[in-house]
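Read top to bottom, the protein sequences are chains A and B. Last residue of the first sequence? That's 586 in my numbering, and every number before it is there in order. Last residue of the second sequence? That's 170 in my numbering, and every number before it is there in order.
For the record, the hints were derived by calculation from the structure and aren't laboratory data. Be aware that a few hints might be false.
[As the list claims (entries may be wrong)] Chain A is faced by these chain B residues, among others (derived, beta-carbon under 10 Å):
(1) ARG25
(2) GLY32
(3) MET63
(4) LEU75
Bear in mind that the values here come from a model prediction, so they are computed numbers and not experimental data. The C-beta atom is built at its ideal place from N, Cα and C for all residues, glycine as well.
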Amino acid sequence: MATPQEMSGAEIVIKALIDQGVDTIFGYPGGAVLPIYDALFHQNKIKHVLVRHEQGAVHAAEGYARSTGKPGVVLVTSGPGATNAVTGLTDALMDSIPIVCLTGQVATHLIGTDAFQECDTVGITRPCTKHNWLVNSAKELTRVMHEAFYVATHGRPGPVVIDIPKDVQFQKAEYVGPQNVVHKTYRPKIKGDIEAIKKAVDLIAGAKKPIFYTGGGIINSGPLASQLLRDFVRMTGYPITSTLMGLGAYPASDKQWLGMLGMHGTYEANNAMHDCDVMINIGARFDDRVTGRIDAFSPNSKKIHVDIDASSINKVVHVDVGIVGDAAHVLEDMIRIWKAKVAKPDKAALASWWAQIEAWRARKSLGFKNSDDIIKPQHAVQRLYELTKSRDTYITTEVGQHQMWAAQHYHFEKPNHWMTSGGLGTMGYGLPAAVGVQIAHPDALVIDIAGEASVQMTMQEISTAVQFMLPIKIFILNNEYMGMVRQWQQLLHGGRYSHSYSDALPDFVKLAEAYGAVGIRAEKPSELDGKIMEMINVKAPVIFDCRVDQLENCFPMIPSGAAHNEMILGDDADAPTVTEAGKMLV
Amino acid sequence: MTKETSIERHTIAVLVDNEAGVLARVIGLFSGRGYNIESLTVAEVDQAEHTSRITIVTVGTPMVIEQIKAQLERLVPVHKVVDLSVDAPGIEREMAMVKVAGTGEKRVEALRLADAFRARVIDTTHTSFVFEVTGTPAKIDAFIGLMRPLGLVDVSRTGVVAIARGPEAM
Chain A
1 MATPQEMSGA EIVIKALIDQ GVDTIFGYPG GAVLPIYDAL FHQNKIKHVL
51 VRHEQGAVHA AEGYARSTGK PGVVLVTSGP GATNAVTGLT DALMDSIPIV
101 CLTGQVATHL IGTDAFQECD TVGITRPCTK HNWLVNSAKE LTRVMHEAFY
151 VATHGRPGPV VIDIPKDVQF QKAEYVGPQN VVHKTYRPKI KGDIEAIKKA
201 VDLIAGAKKP IFYTGGGIIN SGPLASQLLR DFVRMTGYPI TSTLMGLGAY
251 PASDKQWLGM LGMHGTYEAN NAMHDCDVMI NIGARFDDRV TGRIDAFSPN
301 SKKIHVDIDA SSINKVVHVD VGIVGDAAHV LEDMIRIWKA KVAKPDKAAL
351 ASWWAQIEAW RARKSLGFKN SDDIIKPQHA VQRLYELTKS RDTYITTEVG
401 QHQMWAAQHY HFEKPNHWMT SGGLGTMGYG LPAAVGVQIA HPDALVIDIA
451 GEASVQMTMQ EISTAVQFML PIKIFILNNE YMGMVRQWQQ LLHGGRYSHS
501 YSDALPDFVK LAEAYGAVGI RAEKPSELDG KIMEMINVKA PVIFDCRVDQ
551 LENCFPMIPS GAAHNEMILG DDADAPTVTE AGKMLV
Chain B
1 MTKETSIERH TIAVLVDNEA GVLARVIGLF SGRGYNIESL TVAEVDQAEH
51 TSRITIVTVG TPMVIEQIKA QLERLVPVHK VVDLSVDAPG IEREMAMVKV
101 AGTGEKRVEA LRLADAFRAR VIDTTHTSFV FEVTGTPAKI DAFIGLMRPL
151 GLVDVSRTGV VAIARGPEAM
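Bound-form chain A, shown alone (with noise of 0.2 Å):
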């Protein structure tokens, strides 16, 4: 006989997402996972966004995560339907974006036969989840289910994977709430060691050429992360850089900002890091795109790196202070004790490194030749960021060219309102992205500013969007090529365009009508206000071909295997100075 509590595996799964606080899941059912559909059908606290493939659904999820701070949930069947599901879960892991994948599996006694669907997905994403679990009776189902929600939300975020036998998903056992669960093992570190945050203290308190170089830890630690760092940066009067995953930490609008540093960060940015004296790293993890050649990186600088893995403090870039610990946490114990020990920095100092910052600036390195006759991407990005920036916008990407275009021109006010794909780099992250963060979003503006190669990637998620009426909004900035291979082509490999040019490209207008969007089409600068008014005023998913400039290049650029203060500019561009050394590098 059940005892009231006991339940089917399935509903327990849908009974725990629904404790969880889970409103959304993203999936695609099948063999494998029909117990589960047929217990999301006797509810309607959940709703299922039915995604076209299951890479969709991970970036979706990825979306809704990032745009809410939330974990994302994603459903999927065994076999090719975990397998699709890699791809989204590598991006998930690289970018520390908390999703919890439910995926399928063939019934107990059939694993290890190669039955039909069966793959060994545990071991397929063992090295692309923080943690995943092959659950062998509903008796651990409800553990599990809730330890995976603690999992991949504390400590550094990331995605797990529980992989559910399908004779699991019908068996009985009792349903235990997740007040009840408790992780054995995992207790990640959110308190820093407050004498390390005392001496950084005094570091960043006597520093001359200061910077603080903040990341997407800042963005996933929350909202009073931002707002901490806003209020310590400000009283220290010191300049501010970020990565890509940390844009929107710190508003771009403020006269400390310096934009982006990196590969294609500012000219600003990139030489305030290689000659400051003090680095104030919160929530980066000194990435290869970040650093450039290692043995330059900021030679001269006493580096203090926070973050909440303590394996990226030191993992490429050796630290004079390492604080483990949640952004948010140190922010507040680093504010206290400046406050306490009511710290001066050296204005004379200060006043001369601005001056400095400033004459970089003033070499306006995001700068390019504008054009009447044809539309420069960057221009495209800028009309969008005028006409847009009013508005509750959420912005994600796919990856390329126009990503970087959209990091250097769109800017951002608040976290949470910018998705790209920044580890991995996936193509095709941004339309299903763009869906995930519209389903959490309803009534926002959610572009993806797209390029021409990558959407086609995950074109078919328009049909998702079109299902649930989401009005996103895909910005393709057409070149025709892909373009940040083609200009690696051309400054790297003697301008040999090797099948970098994107040919049979389908009329992108037609084939969102076909879709059952709406497309429009822009080709001259004149008509480019308009017609973006008239996406933002389609109640609709638009796709706007944009047809740009074919051969602009990305800059300003730090060319592979070059230090932070050998940067490109666009108006020096025709003299790359990439090593043999620095081809090897990707």
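Following the hints, put chain B in place on chain A, whose structure we already have.
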């Protein structure tokens, strides 16, 4: 990486929850990130608590060793990581079974050397011995080296197990 090039050998003890796939996680971490494993041993050490202890001998620069420990610590089922070369100086032992085949003078010499190494004979035929020898990896290397010209045919080694000196638990 920095200019540090000094390669160090470290013995690291890892206490893990004995759940499915935990060894694959540890090994996958080493292969995926390009770290070296000189030896790895694992067995359950507490049945009631379901904990296993993994002993890993690895080599790398100080920066890499620090990375390895941090990466191990962040695996979800890991309870504790102790560097027995730094945090708590440890004692290491390894066991080997060494099969030597031969007759006449070589057979006598093998037995005589085995005695000097306190190796025990655990199997014998008229033409062979299996010795059990315990000690540091260097001692076992030396014993195997001596057996080679005397008819060494097979070796099986456990890999290193290690424990900290003194009264403290891991």
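Each hint, compared with the structure:
no. : hint  : result
1   : ARG25 : holds, 6 Å
2   : GLY32 : holds, 5 Å
3   : MET63 : holds, 6 Å
4   : LEU75 : holds, 8 Å
The structure meets every hint from the earlier list without exception.
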